[in-house]
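**Q** Which chain is which? The protein sequence lines are Y and Z, in order.
At position 303 of the first sequence (counting the first as 1) the number is 316 in the numbering used here, and the numbers step up by one without a gap.
At position 310 of the second sequence (counting the first as 1) the number is 323 in the numbering used here, and the numbers step up by one without a gap.
Hints were generated in silico from the structure; no laboratory data involved.
Cβ atoms here follow ideal geometry from the backbone N, Cα and C, with glycine treated the same way.
Do not take every clue at face value.
To be verified - Now the in silico label distances, taken between C-beta atoms and shown as ranges: (1) Y/N97 / Z/K387: 44 to 52 Å; (2) Z/D68 / Y/N97: 25 to 33 Å; (3) Y/P239 / Z/R110: 19 to 27 Å; (4) Z/S127 / Y/D234: 53 to 61 Å; (5) Z/K192 / Y/E344: 29 to 37 Å; (6) Y/D69 / Z/K100: 51 to 59 Å; (7) Z/T227 / Y/S360: 56 to 64 Å.
To be verified - Sample of chain Y residues facing chain Z (criterion: CB under 10 Å; computed from the structure): (8) M32; (9) A51; (10) I246; (11) I253; (12) G277; (13) F280; (14) E297.
Number of protein chains: 2
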Amino acid sequence: MDILKKKIGIVGGGQLGKMMILEAKRLGFYVAVLDPAADCPSQSICDKLIVSPLDDPSGYIELSKHTDVITYEWELINADALENLEKEGQTVYPSVRSLRKIQNKYIQNSEMQSNNIPVPRFALVSTTEEIREYGKSTNFGYPLMLKTTTGGYDGKGVAPIKTEADIESAFNELGSGVKELMVEEFVGFQKEISVIASRGITGEMVVYPVAENTHTNTILDTTVVPADISDEISNKAAEIANRVMSVFEGVGTFCTEMFLTADGNIFVNEVAPRPHNSGHYTIEGCFANQFENHIRAIVGLPFGDTSLISPTVMVNLIGQSDGTARLLGLEESYKDPNVHVHVYGKSESKTGRKMGHFTVTGNTADDAVKRADKLKQVLRFIGE
Amino acid sequence: MDILKKKIGIVGGGQLGKMMILEAKRLGFYVAVLDPAADCPSQSICDKLIVSPLDDPSGYIELSKHTDVITYEWELINADALENLEKEGQTVYPSVRSLRKIQNKYIQNSEMQSNNIPVPRFALVSTTEEIREYGKSTNFGYPLMLKTTTGGYDGKGVAPIKTEADIESAFNELGSGVKELMVEEFVGFQKEISVIASRGITGEMVVYPVAENTHTNTILDTTVVPADISDEISNKAAEIANRVMSVFEGVGTFCTEMFLTADGNIFVNEVAPRPHNSGHYTIEGCFANQFENHIRAIVGLPFGDTSLISPTVMVNLIGQSDGTARLLGLEESYKDPNVHVHVYGKSESKTGRKMGHFTVTGNTADDAVKRADKLKQVLRFIGE
Chain Y
14 MDILKKKIGI
24 VGGGQLGKMM
34 ILEAKRLGFY
44 VAVLDPAADC
54 PSQSICDKLI
64 VSPLDDPSGY
74 IELSKHTDVI
84 TYEWELINAD
94 ALENLEKEGQ
104 TVYPSVRSLR
114 KIQNKYIQNS
124 EMQSNNIPVP
134 RFALVSTTEE
144 IREYGKSTNF
154 GYPLMLKTTT
164 GGYDGKGVAP
174 IKTEADIESA
184 FNELGSGVKE
194 LMVEEFVGFQ
204 KEISVIASRG
214 ITGEMVVYPV
224 AENTHTNTIL
234 DTTVVPADIS
244 DEISNKAAEI
254 ANRVMSVFEG
264 VGTFCTEMFL
274 TADGNIFVNE
284 VAPRPHNSGH
294 YTIEGCFANQ
304 FENHIRAIVG
314 LPFGDTSLIS
324 PTVMVNLIGQ
334 SDGTARLLGL
344 EESYKDPNVH
354 VHVYGKSESK
364 TGRKMGHFTV
374 TGNTADDAVK
384 RADKLKQVLR
394 FIGE
Chain Z
14 MDILKKKIGI
24 VGGGQLGKMM
34 ILEAKRLGFY
44 VAVLDPAADC
54 PSQSICDKLI
64 VSPLDDPSGY
74 IELSKHTDVI
84 TYEWELINAD
94 ALENLEKEGQ
104 TVYPSVRSLR
114 KIQNKYIQNS
124 EMQSNNIPVP
134 RFALVSTTEE
144 IREYGKSTNF
154 GYPLMLKTTT
164 GGYDGKGVAP
174 IKTEADIESA
184 FNELGSGVKE
194 LMVEEFVGFQ
204 KEISVIASRG
214 ITGEMVVYPV
224 AENTHTNTIL
234 DTTVVPADIS
244 DEISNKAAEI
254 ANRVMSVFEG
264 VGTFCTEMFL
274 TADGNIFVNE
284 VAPRPHNSGH
294 YTIEGCFANQ
304 FENHIRAIVG
314 LPFGDTSLIS
324 PTVMVNLIGQ
334 SDGTARLLGL
344 EESYKDPNVH
354 VHVYGKSESK
364 TGRKMGHFTV
374 TGNTADDAVK
384 RADKLKQVLR
394 FIGE
């Protein structure tokens, strides 16, 4: 089949879906989107929008009717629905097999552990007694992290347990054992880093430069590239991301989030089977961005150059209040000619909601960081 | 008014309109498009498509209802219709005043001449006798170019007159004097160059690097940036483009096409009041591309950095035969990771029709040219 005639379906029409479409449209691809919201960020630029909840199989069936290859911008979706379509011959990239291994955090960690990819120690727990046991054990010890094995993101589905006294409340916060739970060793990290990588249908792979991330209130705040780490650590991180792609048989763009400890050890914190917020810097920062290479992967095209054009800082624009969305400071920020603002097109601002992001490129990371820091006071999404 | 809430209207939904929209959507702008074809390249990514002929005022009135600022991807449009809307308070950028000065090639040249911008010698003619006179004159001499003052593009509306014997046929070819005609001195150029520049509502300006162009059958074939010219010539060309923007009071991105003679003289061949084919290289080649700066200009935002990331070659993908469009060689071409292909989304290929383009970036222009030349044999748009 002529590659350009392949119709692409995307589960999820948020900002990640939107940025995939912007790249797909450069090559003239037809794109259909499945999203619960008629006014999702992708709505105006897709060829067909199917409005249906992401847990309802009927939306997936409808999407399949319009597409040759289905991908997704988000992993908390209906894997059963996708699997049924896959069985009937629908191409899904990344495969449902990959998706399932990643959707469940316990399986995700187990897969990595059994393939010698370093992860924090972890174990399934179903009662407060079991948690208490791990807290007392020399392997784990406090603080430790209690997590739901499925459904978590941006700090949701995670409750830190600093001392034995927190066990009860953390357990209750995460559903009192109704949802499957696991404990994870708390890694006292020095830096949070992430590596975006893309892998093709036949296993070929490209890896992006290592990004250094800062979170605020468990949501990504700032990404700086290149990360301020040694070449040795950088190579190690790239090598881990590379192995992650193989272990999960990823087709498309994935993100591997990692903890770097003071003594130079790396532990994988989480894998996302899709383009990732910490890879948004690639739009201005790299010759071919994470979304372009995602599209190339799923349709079977060779990859574009992932190398860095210039040091780049990405800052998330998070809603600071509720109401009709309004971005302050755009004109002011554009006085710096190397600032690019991305507005996702969500009409409502909510406190903590990802409304957009901006990037600053510079001759050095330090210079870009300084200019980005100033703009954090200027560019603000509010509700009015 | 909140800049991001400005609704943008574009007259023309071809590839230039499409590439404008792709940039406008990064900032979440609403975009309405007026085009005669329901399946125009912009159709799937605009918020509203008004299907109406570009000479019919009713389409413009409808477009105006949906937009705060109207721009255009093409100059051969209904200036009267736009002027009526402008009089009623509709913002139009570039202004109708600018458009009118450029739409008529005789007025365009006259404006430049009276502002000391170098243009070839030219004169209005209405009979074959008058043409014969100019052919004989020491000022003009043969060969000379016969042109319609309006409606020309891509070599259409131009007939070269090599000797007196060609006068009759050239005159008949261009409508036997029914359309307004002019003669223009033939400039024996060494190179064709062009400069893209953007100018804001309050007159601020940015200029892109000089591009060197090669035409085949009067249609742009290849653009190489940087042009292989001295710094002195480059500065002179940029300065001319700068003055062109001021003379025509351009708001938005314009292109100034120029002839460079062997003795280092520059003559302006033509001005386009819009992003231009010879500026497509800016998408991969520059930090902020010509379409992004066009959008920034018309909504009143400061400009992005126009400097070159790396030497870039742009090659047009012209339909080589008629029928359902099919691009050959995409996979093969993407084995080079610094190739980007743009497919406009026209379902029908026609011989000579602009179907897409590709860019090659490299460490040197020579390297990029060599790689691009190889791909000219590989990437081909055919009809089947």
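**Q** All hints, please: hold or fail.
**A** Outcome of the hint check:
{"no.": "1", "hint": "Y/N97 / Z/K387: 44 to 52 Å", "in the structure": "45 Å, holds"}
{"no.": "2", "hint": "Z/D68 / Y/N97: 25 to 33 Å", "in the structure": "53 Å, violated"}
{"no.": "3", "hint": "Y/P239 / Z/R110: 19 to 27 Å", "in the structure": "49 Å, violated"}
{"no.": "4", "hint": "Z/S127 / Y/D234: 53 to 61 Å", "in the structure": "56 Å, holds"}
{"no.": "5", "hint": "Z/K192 / Y/E344: 29 to 37 Å", "in the structure": "45 Å, violated"}
{"no.": "6", "hint": "Y/D69 / Z/K100: 51 to 59 Å", "in the structure": "52 Å, holds"}
{"no.": "7", "hint": "Z/T227 / Y/S360: 56 to 64 Å", "in the structure": "47 Å, violated"}
{"no.": "8", "hint": "M32", "in the structure": "9 Å, holds"}
{"no.": "9", "hint": "A51", "in the structure": "13 Å, violated"}
{"no.": "10", "hint": "I246", "in the structure": "25 Å, violated"}
{"no.": "11", "hint": "I253", "in the structure": "23 Å, violated"}
{"no.": "12", "hint": "G277", "in the structure": "31 Å, violated"}
{"no.": "13", "hint": "F280", "in the structure": "31 Å, violated"}
{"no.": "14", "hint": "E297", "in the structure": "7 Å, holds"}
Violation of the numbered hints given earlier is confined to hints 2, 3, 5, 7, 9, 10, 11, 12, 13; the remaining hints are satisfied by the structure.
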